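Below, each chain spelled out in residue letters.
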Amino acid sequence: GAVVSQHPSRVICKSGTSVKIECRSLDFQATTMFWYRQFPKQSLMLMATSNEGSKATYEQGVEKDKFLINHASLTLSTLTVTSAHPEDSSFYICSARSSYNSPLHFGNGTRLTVT
Amino acid sequence: GENVEQHPSTLSVQEGDSAVIKCTYSDSASNYFPWYKQELGKGPQLIIDIRSNVGEKKDQRIAVTLNKTAKHFSLHITETQPEDSAVYFCAASIGTGGTSYGKLTFGQGTILTVHP
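Those protein sequence lines, which keep their order, are chains C and V.
Just so you know, the first sequence maps onto residues 1 to 115 in our numbering.
Just so you know, the second sequence maps onto residues 1 to 116 in our numbering.
Isolated chain V (complex conformation):
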């Protein structure tokens, strides 16, 4: 099955700095890669996603890049703010259609702390 590795496990930055979180996946059939932000005691919130037919996607201060050849994708947060502090999870989907589409395998998570 799919295996997703995420690094680093913890990341501490100063407000205004950039933060980068990296993930690798094992299944070359995976074609959908979302990123989720999880605050304490809450469910994950989708912040950005990318499909395998695109190499980069940006939404304001957040961007995601995908390298299909190397099977890795990264989350970039610029101009970080204290409210960006949370646990971030990457994920990869298994399969390309049918009832299994959208079945996500998650990375281990990154605890991001943004110091004011």
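Same shape as in the complex, but just chain C:
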């Protein structure tokens, strides 16, 4: 149980374009999803907290207009990187939990490369 699916696993896009990443909870309803970013050989940095039906809460330093998060249903959250630049290249990972007291489970990440 507690499977989180993330798609695509890899994406290459040109500078200036937008990319959408999907995060789905396959066998549970996720009240909250979190989006993380990870640079090579570094730890996970929280970007934003997404609650179903409400606006995402962004961490300090994360541009909300650049990283658009939508959590329209209890099983799907999307992260859209708008007007991507090479410095946005990174490993983006989503996570989800079914309730406030349940463990957090992660997707397998999306490797974004902006050329």
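Just so you know, the hints here were simulated from the structure itself, not pulled from any lab data.
All of these numbers come straight from a predicted model, not from anything done at the bench.
Every residue, glycine too, gets a C-beta built ideally from N, C-alpha and C.
Below, computed lysine to any residue pairings styled on SDA-like, alpha-carbon distance capped at 25 Å: (1) K37/V to S52/V; (2) K20/C to G41/V; (3) K57/V to P103/C; (4) K42/V to Q29/C; (5) K22/V to Q108/V; (6) K103/V to L26/C; (7) K103/V to E52/C; (8) K41/C to D84/V; (9) K37/V to P103/C; (10) K42/V to H85/C; (11) K41/C to L40/V; (12) K42/V to P86/C; (13) K14/C to V114/C; (14) K42/V to I12/C; (15) K41/C to E5/V; (16) K103/V to M45/C; (17) K71/V to R51/V; (18) K41/C to L11/V; (19) K66/C to S83/C; (20) K103/V to R24/C; (21) K41/C to S26/V; (22) K42/V to R10/C; (23) K22/V to E79/V; (24) K42/V to S9/V; (25) K66/C to R111/C; (26) K20/C to K64/C; (27) K22/V to S85/V; (28) K58/V to V3/C; (29) K22/V to K37/V; (30) K42/V to F28/C; (31) K22/V to H115/V; (32) K42/V to S43/C; (33) K41/C to S18/V; (34) K103/V to H7/C; (35) K42/V to N108/C; (36) K103/V to Q42/C; (37) K103/V to V3/C.
Covered by chain C, according to a simulated footprint, are these stretches of chain V (three or more residues, beta-carbon under 8 Å): (38) 41-50; (39) 106-114.
Got chain C; can you put chain V on it based on the hints?
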């Protein structure tokens, strides 16, 4: 905010030996401490977790201990195997309820290598 420090950054052991990874946290309000294993190119996988009302938890070859007074917790892996090789992250949660519950702060990670 919460700050989690993890040591060592790299750990190399022989197959069959034990491995210990330690973490300290700064926020005394943190009450949930999970450990994740991350293999190359994949997302973190939860391997064990502990809550602040428990001092120790064990699951087969993996155990976690928590010292609330000292604000540190440790991961113990016994009888290590080559497939245990991965990056291990500790984490601590901020807050005890509401929408911020489960918002994890991660340690820097430990690259564990188990030599056959």
